[in-house]
Each structure stands twice: as structure tokens, then as C-alpha cells.
Amino acid sequence: MSARLWPIFRRDLGLLLRGAQGRGGAALPLLFFLAVAMLYPFAVGPDARLLARTGAGVIWVAALLAAILPLDRLVEPDVEAGLFDQWALRGLSEEALLLVRIAAHWISFGVPLMLAAPVSATLLSLDGAQLWTVELGLLLGTPGLAAIGVTIAALTAGLRAGAALGGLLAIPLAVPLLIFGAGSLQPGGEGGLALLAACSLVALALAPFAGGAAIRAGRE
Amino acid sequence: MIAPSLAARDLACRRGDRVLFRALSFALGPGEALHLAGANGIGKSSLIRILAGLMRAWHGSVAREGRVALVDERLALDGHVPLGRALAFWRAVDGADDALGEGVVGGEDRFGLADLRDVPVRYLSTGQRKRAALARLAASEAPIWLLDEPLNGLDSAWAAQAQAAIAAHCAGGGLAVIASHQPLALLPLRTLALADFVPPPEAWDDVDDAGEAA
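Going line by line, the protein sequences match chains A and B.
Take the first sequence: its position 110, counting from 1, is numbered 111 in my numbering, and each next residue is one higher.
Take the second sequence: its position 81, counting from 1, is numbered 1025 in my numbering, and each next residue is one higher.
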């Protein structure tokens, strides 16, 4: 089984990193994430203390919204093109396929965000300790965002206006990650990281089953 | 190797309020091919998907012995990828340990794809896509072939070639179910006319949830 999933993982990752015809790759969420950090100081003014106090929250909001951008190309094109049917004929379970896709999605959007976070932190006048907490939070929280994203993408695959609906459905599910992620930056909020990791794990554990059931139900 | 077989027992299919067909049974063994004939919308594609195990029958059961490969109207090849690599992807998923890779297209080339291997899939014409799908099917080495309108978009020469490939597959001990509204010159071939299994609208309710035909 795992030997057959390996080529699928490589394909998924290539598709999500580079993008396909007419669909952006990993660059789009990344640029969006940076653009928010760039625009925020223009909007609230260059007061370094205000930026440092609110900046980490802005980074988390930007990360959450950046996670929504690629939703419509996570699952839908492959259901449409019949790839999930072909995989099913080969005895590959939807759960395993979605777990592979969550991993590929996380690498294509979570890792770039972590790499871009120092740039955002500089633009928002965060100090080294805050940046470290943000990075740790993103490391623990983005797998959860990736899991939620893939679940919602599987649920809305094949629906008209699925992309817009997907964004609306994903935001409330991602709120706990936002609260604990941004909360971990408050004084005495270190416990937030543990809760963030717990939320991520719950999302990761449920996502393949919820998404797999959605794809199978969509075949009827 | 276990001889492949495909058997349907008392199948019924319901879409919405309509019962498309009922009491449909057949059994296929190695070397046999079945032609599903019928007008558009009669349920050929639904039957193919039920046989593939992708859709649940409303009633009845399907017994499969051997791996199944399917060609339907969806190509399942990535549009931006050159054809050779797109086909090699399925070879890798199928766990081919030979380094056939792009040779899938070049090796035997029963479907005339050698010149197209560097062409991105989205640039292929309708007929070329169909041939690519047939090449994917053949490369899977599955003994049971399910084909939904395999001749659509093929010119007469390639339609003959496709039928020859199906005949060769059956001659090699495989079996095939072909849904097509076009006549097939292929031998040996049994024909199942779906129209024989369509209940009249007034009988739809007689097929109750247990599927027992009244």
C-alpha cells in the first residue's frame, strides 16, 4: 500500500507546489500572507509598539486566510477528472489518499508560511522571542489548518460554488486554532501552544475519515 | 493465477424515482466479452459503475474475481503533464517494478501514442484522449476491463484497432464489458440489451425496497 502511495504523494506535492494549468501553486497563499503583513503597518500607522502588540494576531489571521485560498484545487479537480475513481478501483482507500494529500498540502502551504514568517515579523516589528513563538505556533497549527482544508475541499467537491462555500465552512472550524495560536503570544499564554497542538491532532485524526466519507457519498 | 470472473445477480438500479433496470443477471468467465447495448440514458454507465463497485446497486450483487480497470468519459490523466509521464504515473501506482516508465507509450504502442508522449494531455484531441485512456487501461494489466463508450471519438481505423485490442485481451484470458451504442464487430461477443430489463413506469413501485420484483 505505502509503495503505491509514494508516487501519488510525489504527484500531489508537485501539483500543489507548482500548480497546474490555470491554478496557482504554493506562491499564491505565500504572497497573500506577505501582502497582509505589508499592508497592516500602512493601515494602522508605523507605531512600533502597537505593531508589536497586535502583529502576531495579524500573522495568524493571515495564515488562516492563506490556508483557504487553495481550497478549490485540493480535491475537486481530481474527483472531476476521475482520479479518485481510478484509485478506488485499485483498492486504495480514500482515507489513505486524503492523508497523503494533507501531508502534501501542509508542505506546500504550511512550510512556506513558516519560511515567510520572519519577513512578516520584521514588517510587524515583532521581537525575536515573539517570532520564535509564532514559528512554533505555525509548526503546531498549520497541520491542523491543512487537515481542515482538505476535509472541507472533499466535502464541497462537486458542488456548484464549492469554492466560496468551502471558505465559509473552513473559517469557523479553524477558529480554535486561531484562538490558541494567537493566544500563545499573550503574556502567560504558553499553554496555548499545547492546546493548539491538541486541536491540530484532533483535526488530523478526523479529517481523512470525514473527507473519505464525503468523496464516497459524492459518487452516488 | 485465479481465473478472472465477473457475475451480476439480480441487479436493479434506481436513480431518483426512476427504476432504470431490474432483474439483470449475467456471468462472464475468462475470454468472454459482453456488449451492453441500449439507447442514451438507459443506464449503461450506471451499470458499468455498479460493476466497478463505484456505485451501490439498489438491489442485487456483483461478484468480481480479479482486478478491474475502467475507461469512462473521464480521462484521469493530469492535463498539464506530458502524456508519457501521465501514463507512467499510473504505471507507478500499479506498482510496476519494471522501469517501463515512458515506455508504456513507446513499448508496444498499440494505440499510436509514441509521437504524442511529450505533448501535454490537455492539447490532445478527443480521439487521442480516448486512445490515451485505452493505453492506461491496457497498462494496468487488470484482467477485467470495463469500458464505457470506448469507441466515442475514435475514427474508423482506431475504432477497429481498439476492438482488436479488446479481442486480444479476451484471447489472453481477460474479460471485458463494453457499454456502447455503436455496433461492435468484435468476437466472441455476447450482447445484453438493457431495454429488456427496463420496467414500465407503472411497475416502479412494485420493486420495493427489498428489490423484489412483483
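In short, the hints are calculated from the structure, not lab data.
Keep in mind that the hints are not guaranteed to be accurate.
Here are some, though not all, of the chain A residues that point toward chain B, as calculated from beta-carbon distances under 10 Å [claimed, not checked]:
hint : residue
1    : Leu6
2    : Pro8
3    : Arg74
4    : Trp88
5    : Gly92
6    : Glu96
Chain A side only, calculated, beta carbon under 8 Å to chain B, not exhaustive [what the hints assert, rightly or not]:
hint : residue
7    : Ala4
8    : Arg5
9    : Leu160
10   : Ala162
11   : Gly163
Residues from chain B that keep clear of chain A, each with C-beta distances beyond 10 Å, as calculated [to be verified]:
hint : residue
12   : Ala996
13   : Ala1020
14   : Arg1061
15   : Thr1135
We treat Cβ as the ideally placed atom computed from N, Cα and C, and that holds for glycine.
Okay, the hints, checked on the actual structure:
no. : hint    : result
1   : Leu6    : holds (9 Å)
2   : Pro8    : holds (4 Å)
3   : Arg74   : violated (12 Å)
4   : Trp88   : holds (7 Å)
5   : Gly92   : holds (8 Å)
6   : Glu96   : violated (17 Å)
7   : Ala4    : holds (6 Å)
8   : Arg5    : holds (5 Å)
9   : Leu160  : violated (18 Å)
10  : Ala162  : violated (22 Å)
11  : Gly163  : violated (18 Å)
12  : Ala996  : violated (6 Å)
13  : Ala1020 : violated (4 Å)
14  : Arg1061 : holds (18 Å)
15  : Thr1135 : holds (25 Å)
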